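Chemist: Chain by chain, the residues:
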Amino acid sequence: MGADFVMLGLVPLVVGVLTSVACALLGNFLVLRRQALIGDAVSHVVLPGIVLAYLATGTVAAGAMLLGAGAAAIAALVLIEIVRRAGRIEPGAAMGVVFTALFAAGVLLLEQTDTGKVHLDVEHALYGNLESIVWFAADGWGSLLDPAALAELPPPVPRLALALAAVIAFIALFWKELFIGTFDPGFAESVGARPGLTGFALVVMVAVVAVMAFDAVGAIIVVAMFICPAGAARLMTDRLLPQLAWSVAFATAAAVAGYMLAAYGPLWLGFASSVSAAGMIATVSGGILALACLVGPRRHRRGMQAADGGA
Amino acid sequence: MLDAFVAALFLQAGYNTALVTAGAAVLGASAGAIGAFMLLRKRSLVSDAISHATLPGLALAFIVMALATGDGRFMPGLLAGAALSAGLGLVAVEWITRRTRLTEDVAIGAVLSVFFGLGIVLLTVIQAMDTGRQAGISGFLLGSTAGMLRSEAEVIAVAATLTGLAIFVLRRPLTLVCFDQEYAATQGVNVRATDLATMALVLAVTVIGLKVAGLVLIVALTILPPVAARFWTNRVERMVLIAAAIGAVAAYLGAVVSSLGPGLPTGALIVLVSFAIFLFSLVFSPLRGLLAGQMTTLALRKRVHERQGLLALARDEPIYDPLTLKVLRRAGYIRADGAATLEGRSAALAATREEALWGLYRKLFPDQALNADYHGLTPINEALPPDVVRDLEQRCNLRAA
Amino acid sequence: MCVFRRLKIRTMNAVTPQLVARDGRKLARENVESPFAISGLTVSYGGRPAVLSVDFVTPPGAMVAIIGPNGAGKSTLIKAALGIVPRLSGEVTAFGLPREKAMARIAYVPQRASVDWDFPATVIDVVMMGYYRRLGLFRFAGTRLRRSALACLERVGMAAFADRQIGQLSGGQQQRVFIARALAQEADLYIMDEPFAGVDAVTERAIIAVLKDLKAAGKTIICVHHDLGTVTEYFDHVLLINVRRVAAGPVDEVFTIDNLQETYGGRLLTAENAGGVAPASPQAL
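These protein sequence lines are chains A, B and C, in that order.
Numbering-wise (the numbering used here), the first sequence opens with residue 706 and increments by one.
Numbering-wise (the numbering used here), the second sequence opens with residue 23 and increments by one.
Numbering-wise (the numbering used here), the third sequence opens with residue 126 and increments by one.
If we strip away everything but chain A, and leave its shape as in the complex, we get (with noise of 0.2 Å):
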């Protein structure tokens, strides 16, 4: 593994970990909140986003997709909250409703667009394409420290790289907050901790993560990245900091091995050809949470006893 590593491997790798770890460790808010869907939602408004910013500017650039992609999403956001509340829906069905809606018309724009000539199709928002940011400039691994080199790297990795750290910024500044909000909201708002304004910028954040990295890796694989890692540190632990960090470690190991077992394990097999990273790192993180449901150590239900109460 050397200079062509470096060029072709070392980027995709990293930016499957960036996006990885920050959408895992958001999940772990998401799964404890039971709103594991909304990932589910909110990637799936990515395409009506991209396809409406293609119509308004005319250019498929990175700027332009990422603010119609995350546009649409903090609507589907707001009208997701406003079907669920005026028409008294239960969560899943209103978000049912508008993620389906939306890509609808997702769809239907994009077949009246005369997008042959572009590169903006329905497969790739949908599955993404790892392998195709390449760093050409990089000549071996002394580039990691030839600054010129490293001001060519393709934007998707400081774009994740920036994710990331707002996200652990996110998490950190209003950890209390996430806590409570998250355990008792009834108590969060009365002791001032506002349990909907901390939930709506968790979603927030999580629309941003997953436009930013849908480019990269396909709407739907994030949401593999959103839910596997965090449910499966969920069954290894009791404490939330601690499953964050299982959350983080599944992640980097789901990204790691998906990215090598796609990029070379055809190869090894024989195959000329390599699979898709980004569905192999999808499918090694399902393989992580299937473990975990069959021998994570605190796989089992606890606080049942709450139910029958001491009585």
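Just so you know, not all the hints are guaranteed correct.
Here are some chain C residues the structure puts well away from chain A; computed CB gaps all over 12 Å [stated by the list, open to error]: (1) E155; (2) E158; (3) Q236; (4) D338.
One-sided excerpt, in silico: chain C residues whose CB lies under 7 Å from chain B [said to hold, decoys possible]: (5) G165; (6) T167; (7) S239; (8) D243.
FYI, nobody ran anything at the bench for these hints, they're computed from the structure.
In this text, all values refer to a predicted model and were calculated from it rather than measured experimentally.
C-beta: ideal position from N, C-alpha, C; glycine also.
Fit chains B and C to the supplied structure of chain A, relying on the hints for placement.
Modeler: Relative to chain A, chains B and C alone:
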């Protein structure tokens, strides 16, 4: 354009189109009906897991058939593969929810994304294969009825009809289990088997609908019509019927419009028609709609403030609440400076009397008052028979004297 | 006579009954003494009243039971009064201030069943939540607060469980953890939603001992309560509601057969003779 639309609407636009349209309508009805049961059991998004979990099965079936026969596009084979892997996904959701502390939303999200991821891995394998004509598969992602083979359309129409029949036959146990599991069990319904049947039917609808709506959008067929139907009734049987009707209309219209030309994907159109019906229901339903709800809430607020204000007037107490003041001023009960008018005086007296009569009624007939939900805001003359009111008045006067 | 007796009780308890003073300062000025004054509070659910125009002025240092049948709006009343659910009309003041300005002096104990006890937290983590207001944004608790959290656990006999995961506790122990969290808030008014629901006898005794201590220290306590059999023993004031306020006042004046009948309906008292003590659990009937 209009001619083509009318022709398609009345199934006059060729055998294939007519078949697809009719098949889609039956499929929409089945999906709406079974989705209603899912919504009532708060499991709407299970169908999302099922639909995404079809992808690896589709891909694997394609690979196997391509290796064996050279052509992977044989539709019944693809559907069988899809059903198999979707069934596996369903089992995984159930198992995770039952056996671990993870909640159902986590199980659904994990299964849908991981199975989809695996499906994408297999798709890249297909792309690399020599026989790799991915066209057979990509139609399943977003759905397409254009270019659907006659045999495919026939498979869809027949399978959708069979599923619809199965739902019709099973409607009674399904309804009972939705309503109250324990009661259903006492009525001799096997709850576990009914649950399995529900899931099998959702799975059937999903797999059949793949080619029409695509695996990302098929879930909408089982969610949107029932959610829209929920606004129009509080009864299970009616809700199922309405959901089936909405599903059928949306699918029919979607298929008709989509047959008019290129760039009009069936799945997306069906979903958008359903969504339009949902939006209409959300806003205009007299039962649970936004407008009606907002109006009853506003009316209640006005009545509460008016009553509070009048009682305060009767006791010569100052009123501060701006809304109460506004309500009283609008009704002409107080002047701009806050002093009570003549009408205000008599209305205040009447309100006090109402309160006293209702209070006495609640004392004398606590059970009736509690059961009937009379909280004293309904005028007593409207709520109770005249002789009871007269009796109450007499007692009240007696006590006052 | 009953109508007028009822009105009299109202005027005695609520300084200005049926008065809606959205201008909270006015209500506050009139009820400077009261730790918690509610006026004209209405909550609607889907266009129907869940709580209708309820007035209640809590006397300082009182131990108040809010009682009423299931679905009578007891929990909704306190949640709306604390600003946790939106209200349609009404005003709430605490300690002579608009309620939201006095929240630092109020400790709220939600229903035990309202949270997920499988949550990844330990007993001490939950008690430390009581220090949220003292810490504010961006600050974390130190060892000093941990020590005082342990002292709060000591008061409910749970110090030995400090590092247990909360899912391992029995229902009664969970309730005591909630009480310890309220103690950590060092409030002057404690509002509790069904603190005795589904707890064992040991816990019930432990909680009531703590509540009596608080009362002795001049604190005010308001509990949503379901066990009519213990009302006279535990509480000195009572608020009977069934969507509307039925009656409110000192237990010996207000906790009467007549009022209970009006709150719960006649069936409750058919087998019971006079004395104001009703069967233990109306819900079971």
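Chemist: Does each hint hold? Answer for all of them.
Modeler: These are the hints, each one checked on the structure:
C/E155, annotated as away from the interface, keeps every beta carbon of chain A farther than 12 Å; the closest lies near 25 Å. With a minimum CB-CB distance of about 23 Å to chain A, C/E158 clears the 12 Å threshold, and the non-interface call stands. Separation of C/Q236 from chain A is inadequate, the least Cβ-Cβ distance of about 8 Å not exceeding the 12 Å criterion. Chain A leaves C/D338 outside its interface by the beta-carbon criterion, the shortest separation being 22 Å against a cut-off of 12 Å.
For C/G165, the interface hint holds, the least distance from its beta-carbon to any beta-carbon of chain B being 5 Å, beneath 7 Å. At a threshold of 7 Å, the smallest CB-CB gap from C/T167 to chain B is about 5 Å, leaving the interface hint in force. At a threshold of 7 Å, the smallest CB-CB gap from C/S239 to chain B is about 16 Å, leaving the interface hint violated. Because the beta carbon of C/D243 sits about 6 Å from the nearest beta carbon in chain B, less than 7 Å, this interface hint is met.
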